Amino acid sequence: MIHRIGLYDSGVGGLSVAREVRKALPRADMIYVADTCHVPYGGRPFSDIKAFSAGIGAFLISQDIDLLIIACNVSSAVACGDLRSRYPGVPVISMIENGAGAALSGRSVGVLATEGTVKSGAYPAALRAMGFGGDIVQEACPEFVPLVEGRLLDTPECREACERHCSRVRHMDTVILGCTHYPLMGDLLRDCLPGCRMADPAVSVAKALACEESRGTGSLTCYTTGDIKSFEQTASLFVSGISAKSAVWRDGRLEKDD
Numbered sequence: 014m015i016h017r018i019g020l021y022d023s024g025v026g027g028l029s030v031a032r033e034v035r036k037a038l039p040r041a042d043m044i045y046v047a048d049t050c051h052v053p054y055g056g057r058p059f060s061d062i063k064a065f066s067a068g069i070g071a072f073l074i075s076q077d078i079d080l081l082i083i084a085c086n087v088s089s090a091v092a093c094g095d096l097r098s099r100y101p102g103v104p105v106i107s108m109i110e111n112g113a114g115a116a117l118s119g120r121s122v123g124v125l126a127t128e129g130t131v132k133s134g135a136y137p138a139a140l141r142a143m144g145f146g147g148d149i150v151q152e153a154c155p156e157f158v159p160l161v162e163g164r165l166l167d168t169p170e171c172r173e174a175c176e177r178h179c180s181r182v183r184h185m186d187t188v189i190l191g192c193t194h195y196p197l198m199g200d201l202l203r204d205c206l207p208g209c210r211m212a213d214p215a216v217s218v219a220k221a222l223a224c225e226e227s228r229g230t231g232s233l234t235c236y237t238t239g240d241i242k243s244f245e246q247t248a249s250l251f252v253s254g255i256s257a258k259s260a261v262w263r264d265g266r267l268e269k270d271d
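Following our numbering, the numbering of the sequence shown begins with 14 at its first residue and continues without gaps.
These are calculated hints, taken from the structure and not from any lab test.
Keeping only pairs whose Cα atoms sit at most 30 Å apart, straight-line, the calculated DSBU-like set for lysine-lysine is:
1. K132 with K220
2. K220 with K63
3. K269 with K36
4. K63 with K242
5. K63 with K269
6. K63 with K132
7. K258 with K36
8. K258 with K242
9. K220 with K36
10. K269 with K258
11. K269 with K242
12. K63 with K258
13. K242 with K36
What follows is a list of derived Cβ distance ranges for each label pair:
14. G147 with S232: 41 to 49 Å
15. R266 with G147: 40 to 48 Å
16. Y100 with A138: 19 to 27 Å
17. D186 with R99: 36 to 44 Å
18. E268 with R210: 36 to 44 Å
19. G146 with S75: 39 to 47 Å
20. D61 with A223: 33 to 41 Å
21. D204 with R228: 34 to 42 Å
22. E268 with S60: 18 to 26 Å
All figures in this text were calculated on a predicted structure; none of them were measured in a lab.
Each residue gets a CB set at the ideal place from its N, CA and C atoms; glycine is no exception.
Take these sequences, add in the hints, and give me the full structure.
Structure (structure tokens):
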């Protein structure tokens, strides 16, 4: 029985995961952390991402969660092992494992992701470990997260970036959306990847949780480490009725800004 779920990302991207998980566990209460003062994570040193993940993980665990979802691919790639070791009593879900699993039926796999996720090599490693023997092509898309966070999806700049990056994986039959911001670009990506099957790790997470029972009020509590109004404006484009609270970093610890 799942009552309370903790999720985190560098920004609004993880809401794409919360949206899918809500379909599977409608009564579960969710606590979501958007570390927007550090967005994007994709170009940061792995040591920074591990430190941010440790602080956010401790913040969420302190709120008696039953499940921790790393709703960020690069954090899943570099910090999942640390979080699982630190909190053995709480299941920790990784985007990487779910994204790779969703792509196994393809003959060839493209990975659209941030620079950090591509650099980590996590997706090729996970696919090979699961027995995938086809071609894998990774494409780093550093512009995508700032475009989503900047509410710039309906701009020529966004269209150009999407066309350019998708052209490098368009010949693959399956493309993993290797950043949780990317499903929020769904219509544009579908236009740029005709004939490709898109594998969204969030959908796989939701399917895996569908057999679980949930209890609670179905609430969503959001914390942001950046500007509340800006986060709410961006988040409202994808999830209705978003209201956020402030969380602050103090000496490496994340705390509620009471």
